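There are 2 protein chains.
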Amino acid sequence: MNSPARHDRPADAPLVHPVHDAAAKVLVVGSVALDSVETPFGRADDVLGGSGTYFASSASHFAPVQVVGVVGDDYPIEKLEPLRERGVDFAGLERASGTSFRWRGRYRHDLNSAETLETHLGVFSHFAPKIPEQFRNAPFVFLANIDPRLQLQVLDQVTAPKLVACDTMNFWIESRRPELIELLGRVDLITLNDGEVRQLTEKANLVHGAKWILDRGPKHVIIKKGEHGAFMFTKESVFFAPAYPLESVFDPTGAGDSFAGGFIGHLASTNDLSDLSMRRAVVVGSAMGSFAVEKFSNARLLEIGHDDIERRVQEFRQLVAFDAELRT
Amino acid sequence: MNSPARHDRPADAPLVHPVHDAAAKVLVVGSVALDSVETPFGRADDVLGGSGTYFASSASHFAPVQVVGVVGDDYPIEKLEPLRERGVDFAGLERASGTSFRWRGRYRHDLNSAETLETHLGVFSHFAPKIPEQFRNAPFVFLANIDPRLQLQVLDQVTAPKLVACDTMNFWIESRRPELIELLGRVDLITLNDGEVRQLTEKANLVHGAKWILDRGPKHVIIKKGEHGAFMFTKESVFFAPAYPLESVFDPTGAGDSFAGGFIGHLASTNDLSDLSMRRAVVVGSAMGSFAVEKFSNARLLEIGHDDIERRVQEFRQLVAFDAELRT
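Chains as they are written, first to last, in the working numbering: chain D, 118 to 445; chain B, 118 to 445.
Copies of the same chain look alike in the list, so a pair counts if it works inside one copy or between any two.
Straight-line C-alpha distance at most 27 Å; calculated DSS-like pairs for lysine-lysine: (1) Lys342 to Lys320; (2) Lys342 to Lys328; (3) Lys142 to Lys279; (4) Lys196 to Lys247; (5) Lys412 to Lys352; (6) Lys320 to Lys412; (7) Lys412 to Lys328; (8) Lys247 to Lys279; (9) Lys142 to Lys336; (10) Lys352 to Lys279; (11) Lys328 to Lys352.
Please keep in mind that the hints were generated in silico from the structure rather than gathered at the bench. Note that the structure is predicted; figures quoted are calculated from it, not measured.
If we strip away everything but chain D, and leave its shape as in the complex, we get (with noise of 0.2 Å):
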């Protein structure tokens, strides 16, 4: 029973910081791609999409990001220039011939998932990552859903990493179970959402679904709900938080890439990898979901600045409040 200081800190202390000098490297290797996306509210074709890309641009307003991914020679590359302007290196970014990884889904009015209509792989179909000399000392890595054999590959090519997180999908639950099992062996954490562990675990219960998790490596397991929030387990305890109850859901597509950037770049930022930290992550990774599913593709990822995450963190904080009053 230890008994650390309570209250450490007034409740409306910041709980984000920008980009400092102190912030340390993250790594992502992942998608980079074209959406097209319907929504009940509008349409967007050809727009910025994949997994690398949501995760950049969410952790770039915390950390620098490291991208490694591929791209066809038809990728309109100026998109990418924000990114850049935000300190993202696509240094890892190669340019092979062929078409770019284009995804077509669309969202029926509960926005709750996407059907998709149309995925072409593309140059994606032979991605076998390099991460660059210069990459290699990460100390934060994010392994996007991409396959499980990649992942592995990917992290015989890093050095020192202090924490290694990777996302997965039905789709290598099935495919690449060995690979996965062996992936969870060598990952810090791993995000799923609550199917996905039912389908990896074959538990109906989510807390013996992330039991179960836990056994086989990482020391946190993410269970991301959509809008009924999402889980951190570990061994010793489980942290939850909320979706924010958005007025206006516009495109979900993203929310998940986007929460993990939040949530690595917050410990990158921080570089404090204790439960608490931990904890708020998740709530930073929270607050970059729910804004990224404000507007199609990362624009309101973009536009956003230190202020308004910090407000939406605060929002947060209201939301959960019982134990004593916050400032309205």
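Given the structure of chain D, go ahead and fit chain B onto it with the hints provided.
Below, chain B without anything else, positioned relative to chain D:
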């Protein structure tokens, strides 16, 4: 911008108070039934059920409870003895000639929704609530899920309510819409699940739905999302309490009424209707709902004590804490 004292209490100060002399009386009008339930873990036949029973089992941990309802002459009235011993007053429980309200239901593997196999209303189909003289001045009134016409009749008989809360369901939203809208103008608070909010308000977005309801009378709207927690909306703020991530959900029947019992019981025990107290009441309600589902019928609600409830409330604190470390 008012800024009341923050951190006015240590994070581990007790939040739950057992029944004491200053606790206000709570009147509930609802069903007292016999349930037969099948879950993946077993079955129970002709056990205590009904909204009034669950509510009273939960609220009686915090305040004196008065029950108004009806049972048939076949009802095993001795099964209510444990509730009587807990101070529940059944002077308003009419015993009518005929059969008692019986419900038979089944939960599948995911435990998310009940499948009703049989409903026999029996004497409940002619129920006309008569509030005994000595119950009419109860400061806290819960109108459980019954015909809105009857809920309105109850309001004509109570004399000095400090807080009136009501519940309802899809059947009444469809068949008694005008009466339900009238009721909204006469209650302080309504509890609904997310599907019912969408059905009643025809808004897909819960924030919009909550506003629609708040515009029609209630100062508080509680949206129950089952395993995904509960929102409390007012015109000024939103509060969210997660559902506790239980390892063993045994029988979800009665979770909503047990939530309401904990919620109103807490308010009656503190006699405090401030925003902070209402938020704490949602947490106490969530704790009671989480106990209710751990065993069949009201068995778990009857065996827990003050320490169990306080411990679970502390677990809720830990679950959402990200401002300061809590004791582990």
